[in-house]
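With the hints as constraints, model all of the structure from the sequences given.
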Amino acid sequence: MSSTVQPRGTTKIALTAHSWLVYLFFFAPIFVLIVFSFSDDNNVGRWGGFTLEWYQDFVEHNQLQNAVWVSVRVALLSTVISVVLGTLAALALERFKFRGRKVFDALLYLPIIIPDVTMAVMMLLFFSEFFDLLDAWFGLDLQKGLGSITISHIAFNISFVSVVVRARLAGMSEVLEEAALDLYATRWKTFRYVTFPQIVPGVAGGALLALTLSLDDVVITQFAAGPGATTLPVFVFGLIRRGVTPLINATSVLMLAASVILVALSLAFQQFSGRGGRPSLRAAREAVSAPPKTNTQIKEGINQ
Amino acid sequence: MTMVADRPEGLEEASVATPEFEKAAERAASRRGFLLSLPAYAYLVLFFAVPLGIVMMYSFATRNRFGGTDLSGWNLNAYRKLGEPIVRDILFRSLWLAILTTLICLVVAYPFAYFIATRTPLIRNLMLVFVMIPFWTNFLVRNYAWRVLLGNDGLFTNISEALGLGERELLFTTSAVVIGLVYGFLPFMVLPLYASIERIDLSLVEASRDLYASGFQTFRRVLLPLSMPGVIAGSILVFVPSLGAYVTPEILGGAKTTLLGSYIVTQFLTARNWPVGASLSFVLMAVMLVATLVYFRTGGRNL
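Going down the list, the sequences are from chains D and W. Heads up, the numbering used here is the position in the first sequence plus 3, with the first residue counted as 1. Heads up, the numbering used here is the position in the second sequence plus 1258, with the first residue counted as 1.
In case anyone wonders, no lab produced these hints; they're calculated from the structure. Hints are supplied without guarantee of correctness; some may be wrong.
Mimicking DSS-like on lysine-lysine, the simulated pairs with C-alpha atoms at most 30 Å apart in a straight line are [claimed, not checked]: (1) W:Lys1281 x D:Lys100; (2) D:Lys192 x W:Lys1281; (3) D:Lys105 x W:Lys1281; (4) D:Lys100 x D:Lys192; (5) W:Lys1514 x W:Lys1339; (6) D:Lys15 x D:Lys105.
One side only, chain D facing chain W, incomplete, derived with CB under 8 Å [what the hints assert, rightly or not]: (7) Ala20; (8) His21; (9) Trp23; (10) Leu27; (11) Phe39; (12) Val47; (13) Gly51; (14) Leu80; (15) Leu91; (16) Lys100; (17) Pro114; (18) Pro118; (19) Val247; (20) Leu250.
According to the in silico footprint, chain W covers these stretches of chain D (three or more CB under 8 Å from chain W) [what the hints assert, rightly or not]: (21) 57-66; (22) 103-110; (23) 143-154; (24) 165-172; (25) 194-208.
Using N, Cα and C, we set each Cβ at its ideal position, and we do this for glycine too.
In structure tokens:
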């Protein structure tokens, strides 16, 4: 890149300073939160010496622990189901023309663009009507809880997973799949040994996104949750409304740590799969470790 | 699409692509595609489209004396209520705050995104990772962090007192809400802006400077028009969630700063006027749909 394009002189100094300020804005609040979660003072703005007391409180707090487990169960369950459904949907949309494709495409985008509040209202009214109906027809007395939260999380996660997987499929040539089929691989084998190894990074990325979204959601969950079970963010949201306490600081820092681990994982996946050239092919070759005969031929096709 | 791939049963031996063969292949592909999409399709119809229909039904319904909702006898009363001063004020306030948030994000993010785009690849990636981290971390926690900072015994107040600026109370004001919204959605502005600036052939900037354009003229006539897709995409990505924000105003705002999101939730949880809440959430969704159409039209999808 030519040096004239680079900002110079005062412009450069101003831009650099501005960037540092933006990073300060991004990270200062998080930093303060982390530091004060270790402060031995009931007043959250004053440093009272180092302590792990608040983290101990978190571990011993029964309701918080329950909420953590509800969150984890909902996140895992909704991620697994939405990864399967979302990947199938992505394959259908990227690889096939079928009747109702356009309607499906639009329906799949809606959960992404719809405001949280609107979707929350939808879930509230739906479960209220749905449970009334079940009660009237089958005499089932159901309540909102783990099930309704999971159902609502899957409803938005399918879309996010399918967008990520579709992006991966769109950037991938169909030539390899066609070659596999020409070489008499069955459709299942083609998917298993050619398509799937190539979309693994997309599927993993989608899964991590789904996990993050599920663990973060407050608004929709609040309306889909019942007296039976609430997730950690919803419970913490309730606590925050009553005031700021060191216990919330500690809980927040732990939630932060969970997010950062998920980001690190997804970046690692991108690194693994996105290093220039056509690394997906290398990944595909590595993934096909003990291939049957037809797939050896596919492998040779890839190698060329 | 995948003609070769879609070899229908019974036609495996066909060596010439006759019209019948092609038609059968198309039908088979159509069936396969439909079957693959079926689980997600059915799920979204049952748990998304049907709930959406129910909300629409409720928005045309009437609230009865007991706080319940009569679904018979559809009318537009709930939508008429949106013209009332209280609701109108809330609508305008939400709109104003969303626009303000978008503008602040734009002004802050543009030079930042430009700076990132002109770095070497290594530094560029590093800088982007540090934008992604707040982008991915828990939204609730990020808002809570500001509550801790701005609170009456928080660091911000302590510093402003120490500097002799007096006890400045920012929490529960409109400013606090805007700070929270900018903080929450700034990455949504930075990333599309970066993507569109990075794509610009920067020798054009050089050419403009060579032809004696001032820095501002270069920005105004070269850089800005070329990065317009990013500006529009980023603005929509910030504006849309700001308008429907619920968590941020609840945590950082006060009674005087009720916004659309909180008002809708109140209609369901405490005021028990479901038709009004449903009609408002429908209006909110309509705004988002329009914004999304603009986003796709202007090529935001390609960023």
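Hints, verified against the model:
1. Proximity of Lys1281 of chain W to Lys100 of chain D is assessed by CA-CA distance (about 13 Å); at most 30 Å being required, the pair is judged to hold.
2. Taking the CA atoms of Lys192 of chain D and Lys1281 of chain W, the gap is about 25 Å. The hint holds against a cut of 30 Å.
3. About 21 Å separates the Cα atoms of Lys105 of chain D and Lys1281 of chain W, which keeps this hinted pair within 30 Å; it holds.
4. With a C-alpha separation of about 21 Å, the suggested pair Lys100 of chain D and Lys192 of chain D falls inside the 30 Å cut-off, and the hint holds.
5. Our distance criterion of 30 Å between C-alpha atoms is met by Lys1514 of chain W and Lys1339 of chain W, whose separation comes to about 20 Å.
6. Restraint check: the Cα-Cα separation between Lys15 of chain D and Lys105 of chain D comes to about 48 Å, which exceeds 30 Å; the hinted pair is violated.
7. Residue-level restraint check for Ala20 of chain D is violated (minimum Cβ-Cβ distance to chain W is 10 Å; threshold 8 Å).
8. Look at His21 of chain D: its Cβ gets to within about 5 Å of chain W, closer than 8 Å, so that hint holds up.
9. Checking Trp23 of chain D against chain W: minimum C-beta separation of about 10 Å lies over 8 Å; hint violated.
10. A least Cβ separation of about 11 Å between Leu27 of chain D and chain W goes past the 8 Å threshold, and the interface hint is therefore violated.
11. Annotation: interface hint on Phe39 of chain D holds; nearest CB of chain W at approximately 7 Å, less than 8 Å.
12. The criterion of a C-beta within 8 Å of any C-beta in chain W is met by Val47 of chain D, whose closest approach is roughly 6 Å, and the hint holds.
13. The beta carbon of Gly51 of chain D comes no nearer than 12 Å to any beta carbon in chain W, farther than 8 Å, and the hint placing it at the interface is violated.
14. For Leu80 of chain D, the suggested interface contact is broken, since its CB lies about 14 Å from the closest CB of chain W, more than 8 Å.
15. For the restraint placing Leu91 of chain D at the interface with chain W, the shortest Cβ-Cβ distance is roughly 5 Å, inside the 8 Å limit, so the hint holds.
16. Interface restraint check for Lys100 of chain D: the shortest CB-CB distance to chain W comes to about 6 Å, inside 8 Å, so the restraint holds.
17. Hint on Pro114 of chain D holds. Least Cβ distance to chain W is approximately 6 Å, under the 8 Å limit.
18. This hint holds: Pro118 of chain D has a C-beta 3 Å from the nearest C-beta of chain W, less than the 8 Å allowed.
19. At about 6 Å, the closest approach between the beta carbon of Val247 of chain D and any beta carbon in chain W falls short of 8 Å, and the interface hint on this residue holds.
20. At a threshold of 8 Å, the smallest CB-CB gap from Leu250 of chain D to chain W is about 12 Å, leaving the interface hint violated.
21. As drawn, the stretch 57-66 of chain D meets chain W at 0 residues by the rule of a beta-carbon pair under 8 Å; below three, the given contact is violated.
22. Coverage of the stretch 103-110 of chain D by chain W holds [criterion: at least 3 residues with CB-CB distance below 8 Å; count 4].
23. Proximity of the stretch 143-154 of chain D to chain W, defined as three or more residues with a beta carbon under 8 Å from a beta carbon of that chain, is not established by the 1 residues found.
24. By the rule of at least three residues with a Cβ nearer than 8 Å to a Cβ of chain W, the coverage given for the stretch 165-172 of chain D is violated, with 1 such residues.
25. Restraint check on the stretch 194-208 of chain D versus chain W: 0 residues with Cβ-Cβ distances below 8 Å, three needed, restraint violated.
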